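Make the full structure from the sequences, and use the hints.
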Amino acid sequence: MADLSVEFAGVVFKNPVLIACSSLGNHITKLRRLAEAGAGGVITKLISGVRGPIFAGHDFQAVVFDDSWSVFGDQRLGLEQGMELIKEAKKEFEIPVIANFAGEKDNEDNWAETAVALQEAGADMLEMDTHPPVFKPEGDASGFRVISLGHAPTLLGKVVKAVKQAVDIPVMVKLDTKAADNMAVVEACVQSGADAISLINAMRCLAGIDITKGGRPLYLGLDKQYFSAYMGAALNPVALLYTALLAKSVDLPLSSGGGVMSWENAVQRLMLGATTVQLCSALYLHGLEALTDCVRGIESYLNEYGYDDCSEIIGQALEHIVPMEQLVFHDLKAVIVDEEKCLDCEGPCIKRTSATCLALTREDSIPSINLDQCTGCSLCYWFCPYEAIEMERE
Amino acid sequence: MADLGVEFAGVVFKNPVLIASSSLTNNVRQLKRLEEAGAGGVVTKHTCTTPVLNPTDFRAVVLDNGWCVQGDRRLSFEEGKELIRQAKSELSIPVIANFAGISADEDSWAENAKALQEAGADMLEMDLANPVPEMASPAPGYGAFFVAQDASLTGKVTRAVKQAVDIPVIGKLLIKGVNPVPIAKACQENGADAITAINAVYGLPGVDIRQGGKPLYLGFDKQPVSNYMGSPINPMAMWYTALLAKTVDIPLSSSGGISTWENVVERLMLGATTVQLCSAAYLDGLEAITQSVTGLEKYLDEYGYGTPSEIIGQALEYIVPREQLVIYPLEARIVDHEKCLDCEGPCIERSNATCLALSREERVPSIDSDLCTGCCLCYYFCPEGAIEMRRK
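Chains as they are written, first to last, in my numbering: chain C, 22 to 415; chain B, 9 to 400.
The set of hints was computed from the structure by calculation and includes no laboratory data. Fair warning: this is a prediction, and the values are worked out from it, not measured in the lab. One or more of the hints may lead you astray.
[As the list claims (entries may be wrong)] Some chain C residues judged to face chain B by a derived CB distance under 7 Å, without partners named:
#1 80
#2 230
#3 247
#4 288
#5 309
#6 343
#7 351
#8 377
#9 412
[Unchecked claim] Listed below are the simulated DSS-like cross-link pairs for lysine-lysine, each with C-alpha atoms no more than 30 Å apart in a straight line:
#10 22/B / 254/B
#11 362/C / 222/B
#12 269/C / 306/B
#13 372/C / 306/B
#14 254/B / 234/C
#15 89/B / 354/C
#16 22/B / 89/B
#17 254/B / 306/B
#18 35/C / 112/C
#19 354/C / 230/B
#20 400/B / 234/C
#21 234/C / 347/B
#22 22/B / 234/C
#23 108/C / 179/C
#24 306/B / 234/C
#25 245/C / 400/B
#26 164/B / 89/B
The C-beta atom is built at its ideal place from N, Cα and C for all residues, glycine as well.
Given below as structure tokens:
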């Protein structure tokens with residue numbers, strides 16, 4: 022039996038599946054459920070070090086699409102509440118508790134004080150949340166643009182350094198939306214002593230509008246809307262990419278979240294260089310079973326492929342990720358390999374490629390492929406429900 | 009019957025559904041199919057000055073939702089001009105030429121623009137996702153830096169192109185790592201007639217976990233960054249459409265993830281004058297184009313609108329900065345106990361990680377309204393429509 026445990030930034034987790042910062046982690050009852058369902062570790066809801074009224078002081082509201090969703094709001098925890106939650110969690114279960122937190126804008130003293138308080142409450146690790154807005158850009162009157170700490174590398178570096186100096190427990194920085202794409206931000210984390218990076222956070226979106234009601238929000242509790250957080254399966258390809266790019270370009274261990282919906286997704290994140298993964302939407306949309314399935318699936322996978330522990334697959338796929346200049350294209354041609362299977366078919370290969378393919382035509386009931394016109398795009402291969410088409414290298 | 013015609017940056021289209029620049033639009037045979045299927049206009053495949061970027065035809069990985077693409081051979085300058093000449097003689101819908109110059113060299117952009125105008129293009133679309141090699145990121149794997157990531161380069165190129173031609177010029181933006189608003193403003197300030205957004209998002213289609221993490225692509229052994237497109241990027245594109253419509257004054261062509269006629273209506277309501285279809289035609293065939301156009305027409309008829317212009321921007325009054333939002337607390341109620349009884353209980357099972365309010369007593373779930381946070385998940389999960397969200 023494979024050993025699922027991983028060491029991540031100096032802390033040992035019994036498996037690499039953590040629960041991302043969200044309202045799943047704002048209450049001891051929910052944390053207990055997550056621990057019982059098999060989480061390797063939990064990350065608390067954002068604990069705010071800011072004194073006074075808390076930003077987003079209301080519970081979240083959702084709009085659900087197929088396997089993705091969008092969320093507006095999500096009440097933060099005050100410092101006292103957060104400390105109490107960590108104390109309770111540490112008393113009730115064994116798995117590590119990571120405190121997600123933010124201080125006041127770029128006030129490094131407030132960030133450091135908050136970090137110290139959370140360490141004293143018993144947190145095993147800290148996750149700095151860099152998405153709260155810090156300032157508005159000059160000359161922008163629209164009110165639609167705000168710059169977060171996570172997009173201001175110099176300020177971010179200063180704050181991370183202060184937090185690192187204040188505590189002994191490991192400090193992970195959670196990148197803001199799209200910040201994984203900004204090397205200056207990533208460098209600021211590395212230079213100022215962060216122990217790990219988590220990514221990718223939610224994307225920005227509009228949850229849609231009601232076209233039967235003149236374009237009003239789909240949110241049931243809003244008459245007007247701003248951008249929303251976009252999460253779930255749709256983010257998986259984006260998160261896979263930035264996990265790989267960060268794993269290739271920085272030495273810090275990574276915790277990869279954003280669109281992890283299945284154990285296969287989790288295995289892919291590990292293969293692309295993450296040491297831990299963060300589950301979130303899967304739990305909101307499919308319940309606790311998603312967590313249990315994810316952990317079991319990783320275990321069965323390791324056993325089936327003969328790996329003893331997770332570390333044997335971490336980063337394994339990175340050798341297959343290269344810069345654009347090093348990409349080698351091999352010419353491909355689509356071939357119908359199984360005419361038996363093909364005969365049964367209604368022809369999605371032809372119908373679905375009708376706008377793009379000049380090679381596929383139907384003579385009698387069997388589609389035929391004109392090899393001179395086949396560009397090797399592979400669409401018919403993906404569309405064929407019977408695996409009757411294969412792509413052959415020339 | 010509604011008239012679907014729109015005027016976009018001075019050009020009249022019989023309907024607002026354009027086909028985005030892609031390999032769908034790289035030869036005249038396909039362009040004719042697109043016109044026959046009902047497209048309002050076509051944007052030809054990127055035409056560039058030699059050396060031709062991406063010398064190979066595209067390769068796809070189709071996901072459950074959306075798809076990833078690698079490559080997609082651009083047209084050489086001669087090919088592009090020839091395509092436009094042919095298209096103008098064989099098609100009656102407007103032909104928009106997507107193009108770029110060399111890097112951010114404004115003279116080459118201007119020269120190319122002129123040549124495409126002479127070839128007969130009705131409009132130009134500057135592909136601002138054009139690499140500027142001298143500004144490429146030193147970080148391994150991160151790859152190119154694009155004109156569309158820098159407002160001053162964008163402005164310089166736009167100005168030169170506008171001075172060189174008389175036909176309308178669109179700037180096609182990128183959302184990679186940057187806020188598109190300053191870039192769109194640079195287009196506007198330098199005379200661009202319209203904006204296209206959004207381009208593809210960057211992603212990776214995944215790795216083959218049964219073969220040590222090799223690419224899922226069939227044509228290569230190693231993979232770089234891919235373009236991620238299709239319905240999953242629809243909500244992101246909606247946001248950027250609304251944001252741009254709120255912050256710039258020139259007309260918008262909205263692209264990225266449009267898969268249905270409902271998506272078309274949404275984009276128009278969010279301020280786009282035209283939309284650009286692409287993935288839907290790759291993944292669902294020509295029927296996707298026909299259905300978008302007929303769906304739009306039916307919608308306008310059903311709701312009593314005479315033209316698309318009556319709905320363009322209609323939803324923008326409901327998009328406001330964060331500070332102006334009013335959030336009404338909600339609570340879930342089971343409104344139809346008859347329907348509820350038939351149910352297997354996804355409201356409880358699917359929300360068991362997040363909800364403290366739902367519990368089951370005998371067969372009927374009950375909601376403790378003190379613990380209900382109004383998140384709406386059970387409302388979406390209920391297959392029978394038995395749960396309603398009420399404002400407290």
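A quick look at each hint next to the structure:
Below 7 Å, beta-carbon pairs count as interface contacts, and residue 80/C has one with chain B at about 4 Å; its hint therefore holds. The restraint placing residue 230/C at the interface with chain B holds, with a minimum CB-CB distance near 5 Å, inside the 7 Å limit. For residue 247/C, the suggested interface contact is upheld, since its CB lies about 5 Å from the closest CB of chain B, less than 7 Å. At its closest, the beta carbon of residue 288/C sits 5 Å from a beta carbon of chain B; the interface hint therefore holds under the 7 Å criterion.
With a cut of 7 Å, the hint placing residue 309/C at the interface with chain B holds, because the nearest CB-to-CB distance is about 5 Å. Of the supplied interface hints, the one on residue 343/C holds, with its beta-carbon coming within about 4 Å of a beta-carbon of chain B, less than 7 Å. The restraint placing residue 351/C at the interface with chain B holds, with a minimum CB-CB distance near 5 Å, inside the 7 Å limit. Hint status for residue 377/C relative to chain B: holds, with the closest Cβ pair at about 5 Å, below 7 Å.
For residue 412/C, the suggested interface contact is upheld, since its CB lies about 4 Å from the closest CB of chain B, less than 7 Å. As the CA atoms of residue 22/B and residue 254/B are separated by approximately 26 Å, the hinted pair is consistent with the 30 Å bound. Pair hint residue 362/C plus residue 222/B holds up; C-alpha atoms about 28 Å apart against a cutoff of 30 Å. Distance hint between residue 269/C and residue 306/B is unfulfilled; the C-alpha atoms sit about 51 Å from each other, more than 30 Å.
Among the hinted pairs, residue 372/C with residue 306/B is consistent with the structure: their alpha-carbon atoms are about 24 Å apart, no more than 30 Å. The straight-line distance between the Cα atoms of residue 254/B and residue 234/C is roughly 20 Å, inside the 30 Å bound, and the hint therefore holds. Straight-line distance between C-alpha atoms of residue 89/B and residue 354/C comes to about 29 Å, which keeps the hinted pair within the 30 Å bound. About 24 Å separates the Cα atoms of residue 22/B and residue 89/B, which keeps this hinted pair within 30 Å; it holds.
A threshold of 30 Å between alpha carbons decides the hint, and for residue 254/B with residue 306/B the separation of about 28 Å falls inside it, so the pair holds. Restraint check: the Cα-Cα separation between residue 35/C and residue 112/C comes to about 18 Å, which is no more than 30 Å; the hinted pair holds. Distance hint between residue 354/C and residue 230/B is fulfilled; the C-alpha atoms sit about 19 Å from each other, no more than 30 Å. In summary, the hint linking residue 400/B to residue 234/C is supported, as the alpha carbons are separated by about 22 Å, within the 30 Å threshold.
With a C-alpha separation of about 26 Å, the suggested pair residue 234/C and residue 347/B falls inside the 30 Å cut-off, and the hint holds. Between residue 22/B and residue 234/C, the direct Cα distance comes to roughly 26 Å. Compliance with the 30 Å bound is thereby established for this hinted pair. With a CA separation close to 29 Å, the supplied pair residue 108/C and residue 179/C stays within the 30 Å bound. Between residue 306/B and residue 234/C the CA atoms are separated by roughly 16 Å; this keeps the pair inside 30 Å, and the hint holds.
A distance of roughly 18 Å separates the Cα atoms of residue 245/C and residue 400/B; the hinted pair therefore holds under the 30 Å criterion. About 24 Å separates the Cα atoms of residue 164/B and residue 89/B, which keeps this hinted pair within 30 Å; it holds.
The structure is inconsistent with hint 12 alone, although it conforms to all the rest.
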